[in-house]
Amino acid sequence: MVRAVGRYTLEIVQSLGDLALFVGRSFRMAVGSRKLGRRVVRAMFEQGARCLPVILIVGLFTGLVLGLQGYYVLNRFGSESLLGTLVSLSIVRELGPVLAALMLVGQAGSALAAELGIQRNTEQIAALETMGVSSHAYLVAPRLIAALMVFPMQTALFCCVGLWGGSLSGSLLLGLEPGIYWSAVERAVELVDVRECMTKAVTFGFLTMTLCAYHGFNAHRCRSGTGARGVSASTTRAVVQSSIIVLAADYVITSFLI
Amino acid sequence: MAIESQDLLLKVEGLQKRFGEQSVLAGASLTVPRGSLVAVLGRSGAGKSVFLKCLADVIEPDAGEIWFDGRLLARGDAGVRQHFRSRCSFLFQSNALFDSLTALENVALPLEQTMDLQAGEVRERSLEALKQLELEAFWDRYPGQMSGGMQKRLALARAIVTRPELVLFDEPTAGLDPVRRNAVFTMIAKYQRQFGFTALIVTHDVPEALVAADRVALLDTGRMVFQGSPGEFIASEEAMVIQFRDSEKELSKMLASIRRGETIQTEDT
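Just so you know, the protein sequences line up as chains B and H, in that order. Going by our numbering, the residue at position 193 of the first sequence is 193; the numbering climbs one at a time, nothing skipped. Count along the second sequence from 1, then add 258; that gives the number in our numbering.
Hints are not guaranteed to be accurate.
On the chain B side, residues computed to face chain H include the following (Cβ under 8 Å) [as the list claims (entries may be wrong)]:
| # | residue |
| --- | --- |
| 1 | K35 |
| 2 | G37 |
| 3 | E123 |
| 4 | Q124 |
| 5 | A126 |
| 6 | A127 |
| 7 | E129 |
| 8 | T130 |
| 9 | M131 |
| 10 | Y138 |
| 11 | T226 |
Hints were generated in silico from the structure; no laboratory data involved. Here a beta-carbon is modelled for each residue, glycine too, at the ideal position from N, C-alpha and C.
Start from the sequences and build out the full structure, keeping to the hints where you can.
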C-alpha cells in the first residue's frame with residue numbers, strides 16, 4: 001500500500017517535471033524560430049474563429065438562463081432592479097472565464113491533442129526532427145502563444161454576449177426596463193472584476209492548451225495503448241485533465257483575488 | 259576491397275541499442291563510401307529500421323560511434339548534430355508527409371524552416387524539386403489525394419530539396435508489389451546518380467538491392483554479418499548470407515518436402 005502510494009506520488013512528480021520541461025523547451029526553441037508569427041496567426045484562427053460559434057451560443061444561453069433564474073429569485077424580494085448586478089458579476093467573475101475555457105478545451109483543445117497524437121503516430125513529428133526543425137517550436141509554441149491571446153478575447157466576447165443574453169431575458173421577455181438592467185451592470189462591474197476575469201482567462205488558456213499539447217505530443221507514451229487507441233486515450237485524458245484544472249485553478253485564483 | 263578513409267561519408271562503429279530486456283543492435287558497424295548506394299539487408303525485425311533511426315537521430319543509441327564526413331557525431335554536441343541534420347535527409351517507410359499541407363508546402367517546409375531563403379526562392383526550388391520528380395502538376399494536391407507511388411516521390415522530393423549529401427531510406431518498398439518495387443528502386447538509383455547524393459537503403463528485397471546497390475550489408479542479430487559488393491555477396495559462403503540469398507531455393511526444397519508428406523520444422527519469424 002505504502003509502496004503503491006509512493007510510486008504513484010513519484011509518477012505525478014515525474015509527470016509534472018516532464019510537463020515543465022515540455023513547456024520550457026517549447027518557448028526556448030520558439031526563440032528565433034522561422035515564420036513563427038505566421039504559425040501563431042494560423043493557431044489563433046483555429047482556436048479563435050473556429051470556436052466562435054460555440055462561444056456565442058453558449059454565452060447567449062448562459063446569459064438568458066441566468067437572467068431568467070435571477071429575475072424570479074430577485075422578484076421574491078422585490079429587487080428585480082439588481083438583475084444587471086447579479087448577471088454581470090456572475091458572468092464576468094466566474095461563468096465567463098470558466099465556461100469559455102471549457103468550451104475552448106472541448107473544441108480547440110481536443111482538436112490539438114488529437115492532431116498532435118496523429119502527427120506523432122504517422123511519424124510527422126519525427127520527420128520534422130530529422131529535417132532539423134524543432135517540433136516544439138514548429139507545432140507546440142505557436143498554439144501556446146495563440147492561447148494566451150485567444151482565451152482572453154473569447155472570454156471577453158462570451159461575457160458581452162452573456163450580458164446581452166441577460167438583458168434579453170430580463171427586459172424583452174420579463175418586462176424589466178433595459179435602462180435599469182444596463183445601469184446596474186455599469187455600477188456593478190469594476191476594473192478589478194475585469195482584471196480578475198482576464199487573469200483567469202490567460203491562466204486557463206495557458207494551462208489547458210499546455211496539457212492538451214503535452215498529451216497529444218506524447219501519445220506514443222500512452223499506457224492505454226498505441227495507434228488509434230493511444231490517440232483516443234491521450235485526447236480524452238487531455239480534455240478531462242484540462243476541465244479539472246480549469247475548475248481547480250478557478251478556485252485558487254478566486255481565493256487569492258476575492 | 260579496402261575503402262580509403264577520406265572516401266567515407268559515413269562510418270558507424272559498434273552501435274548498440276536495447277529496448278528493455280531486448281537487445282536490437284549489438285555492436286553494428288558499417289562504412290558508407292561517398293556517392294555510393296548502400297543497401298542494408300536483413301530479416302524482418304532484425305533491427306534495420308532501428309539502425310537507420312539511430313543514424314538519423316530519431317532514436318538515441320545506447321553505445322557506439324557515428325562518424326559523418328570525418329567528424330564524430332557526439333551526443334550532446336548540438337552544433338555538430340544540427341550540421342549533420344542539415345546535410346542528411348530521411349525517407350520514412352510511411353513517407354511521414356504532412357497531411358494538412360499541400361505537395362508544394364510539404365516540399366517547401368525544410369527550406370523555409372532551415373534555410374535563409376527569400377519566399378520566391380523557396381517556391382522556385384520547391385517547384386523545381388516537384389518537377390524533377392514529375393509532380394509539378396500536382397503541386398496543390400494534398401498527400402491524401404495522391405497515389406502511393408506519388409506519395410513516395412513527394413517524400414523523395416522533400417528529402418532532396420535541401421540538396422543533402424546523404425539520404426537514408428527506411429524500407430522504401432515495404433508492402434509494394436514486385437512491379438512497384440522495381441519502379442521505386444529504379445527511381446532511387448536514377449535520382450541518386452542524377453543528384454549525386456549518397457544513399458543508404460534499408461530493405462529486405464534481395465534481388466532489387468543487388469541490382470541497384472554499389473555495396474550490400476547484411477544485418478542479423480544486431481550485427482553486420484556481411485559487408486561488400488553485390489558480387490561478393492553472391493559469392494559469399496557466410497551461412498546467413500547463403501540463407502538470405504538462397505531463400506527461394508530453400509522455399510522450393512521445403513515445398514517439395516511438404517508435397518512428399520515429410521514433416522518440416524519452421525522457424526518463428
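Notebook entry, point to check: In ascending order, which of the hints set out earlier in this document are inconsistent with the structure?
Noted result: 2 and 11
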